[in-house]
Amino acid sequence: MKTYTQIPPGTQILFGRAARRRRLLERAICSVFEGWSYEEIIPPIFDYYDVFAKGMGAGEEEHFYRFIDREGNILALRPEFTSLVAKTAATRLARSPKPIRLFYSGEVLRFEKPKGGRQREFAQIGIEHYGGAGKTADVEILLIAVEVFQRLGIQGFQINLGSVDFFGGIVDRIELPAGEITALKEVLNIKDQPGLEALLQKLPLDDRRKNILRAVPHLTGGKSVIAEARGLVKNSRSVEALDHLEYIHSIFEKLDLAQHLTIDLGEIRGFDYYTGIYFRAYVRGLGFEVASGGRYDGLPGSFGEDLPAVGFSFSVDRLEQIATPSLDASEPKNSTVEVEQGFEKALQLRQAGKAVKLCL
Amino acid sequence: MLVIALCKGRFLDPSLELLGRAGICFAEDVASSRRLIFDSKDGQYRVVLVKPADVPTYVEYGAADVGIAGRDVIMESRADLLEPMDLNFGHCRIVVAGKGGTAGTDSDSGEPVNSRVPGTASESLPPNLLRIATKYPRITMDYYTARGIPVEIIPLSGSIELAPLIGLADRIVDVVETGRTLKENGLEVLEVIASCSARLLINRAGYQTKRDEVLGLIGALEKAVQ
Chain A
1 MKTYTQIPPG TQILFGRAAR RRRLLERAIC SVFEGWSYEE IIPPIFDYYD
51 VFAKGMGAGE EEHFYRFIDR EGNILALRPE FTSLVAKTAA TRLARSPKPI
101 RLFYSGEVLR FEKPKGGRQR EFAQIGIEHY GGAGKTADVE ILLIAVEVFQ
151 RLGIQGFQIN LGSVDFFGGI VDRIELPAGE ITALKEVLNI KDQPGLEALL
201 QKLPLDDRRK NILRAVPHLT GGKSVIAEAR GLVKNSRSVE ALDHLEYIHS
251 IFEKLDLAQH LTIDLGEIRG FDYYTGIYFR AYVRGLGFEV ASGGRYDGLP
301 GSFGEDLPAV GFSFSVDRLE QIATPSLDAS EPKNSTVEVE QGFEKALQLR
351 QAGKAVKLCL
Chain B
1 MLVIALCKGR FLDPSLELLG RAGICFAEDV ASSRRLIFDS KDGQYRVVLV
51 KPADVPTYVE YGAADVGIAG RDVIMESRAD LLEPMDLNFG HCRIVVAGKG
101 GTAGTDSDSG EPVNSRVPGT ASESLPPNLL RIATKYPRIT MDYYTARGIP
151 VEIIPLSGSI ELAPLIGLAD RIVDVVETGR TLKENGLEVL EVIASCSARL
201 LINRAGYQTK RDEVLGLIGA LEKAVQ
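So the protein lines, in turn, are chains A and B.
Our numbering puts the first residue of the first sequence at 1, with every later residue one more than the last.
Our numbering puts the first residue of the second sequence at 1, with every later residue one more than the last.
Hints were generated in silico from the structure; no laboratory data involved.
Dumping the calculated DSS-like pairs for lysine-lysine here, alpha-carbon to alpha-carbon at most 25 angstroms: (1) 115(A) - 51(B); (2) 135(A) - 254(A); (3) 115(A) - 135(B); (4) 113(A) - 51(B); (5) 113(A) - 135(B); (6) 234(A) - 135(A); (7) 41(B) - 223(B); (8) 135(A) - 223(A); (9) 98(A) - 135(A); (10) 210(A) - 223(B); (11) 113(A) - 185(A).
Under 7 angstroms between C-beta atoms, here's a sample of chain B residues computed to sit facing chain A: (12) 61; (13) 62; (14) 82; (15) 83; (16) 84; (17) 86; (18) 203; (19) 205; (20) 208; (21) 209.
Idealized CB from N, CA, C, for every residue including glycine.
Chain B on its own, in the form it takes in the complex (with noise of 0.2 angstroms):
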């Protein structure tokens, strides 16, 4: 039997519909129910339902075989798994966003926004460093020093957008889908940092020792994947 670690939240209807397509099925109504594990009706299957962020180290560490995630959280996690697989649904981009109009103003000098546009800064002046609030700090590290530009990160867990706006910070990286509620809240993507969509995890020993049951997998889900 293989386990599947799948996302709670908006990622668990299309990843339950793609196991549907390719032939993976539950005898009760996986979304709705408050329980957590289920089998699936061949008995091949079992699917465990975790938070966006944990499905990394559930594969990682063996207690699901493979998993469902977005690139973004994969990413963060830096997990040492197989991602052999785009299953081509919930794309979306990482990206650096901020007030507009202040585009191109951080890669010359890495000098804080508000210190430098005349009438955005507040009484106080901010500190002398970019201040970027995000929920992947890690991506937003990585980024930032390849670049070779100092950041001061401010790890938050949610209403990111918030942030440049009460002046709690400069810039913030965060996924974007549409772009919608960046420009609802007065933002503009200013760099792409990744594109991201739905991948398929592998644990490194489960696809040795697993192997033609994870490939029975592959294989039902690249005809699935549309």
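Pulled out of the complex, with its shape left as it was, chain A reads as follows (with noise of 0.2 angstroms):
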């Protein structure tokens, strides 16, 4: 037997300021939601297997902590909330009036290397839109993620937005064999740039193409990133998704918000799962972002009910390592009576309202 001192690898305890703090991050976040006509979703804590599998892509389920119950169903516990409700969105609540707007919060387990502040168990907070295709959606929950940093008082955070459609219309017209894209897409990611020469040299591509695939690593900034990016494509799914992310920024100018906003066409991690916008959050000091979403618009379709999706969570354990100057985590005594004079009098305060510390 093992001793009991420590806990499992990847898991926490929080207790005191931590835990205050924790809670205080949630309800502060899910005012937010709720401010926005969010409505809460509390999932299950495990599902059947094939749901997360399904709606993760593949090579997540290597990270699934999968049992088997009496009945032999291959179940896993939840390693995120997108897949659970979105499931429930194509089924449960397929004929509800759309739009859809639901927010979750809640601990999520994955079996990878703990990783900034991030561990096996881990809480995420986040919103799912369903039932609104299109440029409002997108720019609602944009809008709310700024308005999450805004409430929690942080001032040095930064989107990055990009499409899936831009680099997606330009591999559209790129004939290679699914290998050599893998291979593009590897030092794309990485943005490898001796790597992507050294392919390039090899490929059969014309030079054109070969230049847009070398600028595409580079195409992160402001507004200009757009027209820069619009001088390079001309397929008419790059073209739509740089309107769409023009009117993206167009909106966030008016609103005065465009320095939080960075256009990044030059990053292309988690292709497979979206459809449309993408999105990082980034906190300046953090070397990890804390937010991520986008468009899934073929997500709620695999459980049944075709449906335009959009979504983000938050990390919470990422955010808690940030200063959150408008959060007060200390602890609450200003309003709690000492009761020494037995549990009559601790009785009567409690029913007047007042906190009470019992010192019998």
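Grab the two chains, each in its own frame, and use the hints to assemble them into the complex.
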């Protein structure tokens, strides 16, 4: 028998100030979601393995905590919420009036290397918006993400926004075997310039396409990036993606929020999952993203009901590493009455709404 | 201020030279000092000295914004990083090496060399699995997994060349610069896994949130790389 002094690797115990701060953060963020008319959904802690395997895509299942129930079904502890919520929206909520706005908050479990303050059990909090295609829903979730940062008093945040359709439109036009497309994506994913050059030397692509691929990793910055990208591509899928991003950027400008928005067409991680816009949120000084999200229109469809879907999630454990000036997690004491005169007195004070501390 | 993680050891001098050519200079002699943290004269950069294998970790966690390390170290770390630049020094190859005359014997059957080459087997036969001694267990595993050859990996931390000579392993996977050490120990390169050189590493979040500073550094280094 192992000693009881240690907890299993990847888990954590919060108490005192850390626990108060966790709940304060969660409450503050949920109140933002509620302010935008999102309703809480509390899904089960485990579901059928297939739900997550389908929802998260190939390669993720190795991170699931799997087990078998007494009937022989394969189950998994939830590694995320999005699949669970999408399944619910596509089944039990299929007949609800659209759009459906839901938020969730809780722990998820993934068997992976603890990293960046995120253990194997970690807290996610986020929203899902179903039934709203196109621009309005995209802008809505981005504005909600912005408000979360503002509510927490975080100043130096940055949302990197891109669209899978920009790079997707480029790849559509490249006729290469799947293996070589994968190799291209690998070097672009780490912005490996020499690796890209070595690949381009070997690939039968014309100079125009090669130059597009050389430019992609650097297409990050302000509004001017969109104009730069327009100079590179002509295919309709990429151009529509740029129109879409330009529209979102113009709304952010009008709302005086453009300083928080970075157009990022050079990021191609997670492309098998998203179907439109995607974004990652960073805070200066933290080495990992604190939130990510985007559009995944195919997801509810894989559970039986075609619905446009867009959403995001924040990593609570990473937010906890950032100063949040507007949250006060210090010990509540001023209003507590110390009671030495017996249980009766304590009950009276409780009925009067006072916080008591028994000192009998 | 950008924090740059540099490798202690053989990479340190060429790294400092490169930074010097890029205009990043230090008031004291970084290479001979015992301190581990140095600020550049212009106050824009801070250099930290760490063990080579730790550079990707410092950068992945964002404790350092950028780092300089060999591609071998980066591959072995499996850290999630940006690797935009080849710094054109520290050239070497990660290779599979073994005793002379054993080339091509493992890819067809995966049988251990010693059990098939008469005269090289010791009294007791080795186990039925190719045994590879290495400082790079992950690179080795990936390489043989991709080829469907089952192997037993024996992790070592130095003097890898010794392993096949005294029967600890059939092969080694190691970095080779000139190949002299291999030759002097009667080993030869059997397969090349990858070519390596020094790379610039960048933390993904830092690349986004400190964009101007990072691009400034890349620009200066691009001019300085020879």
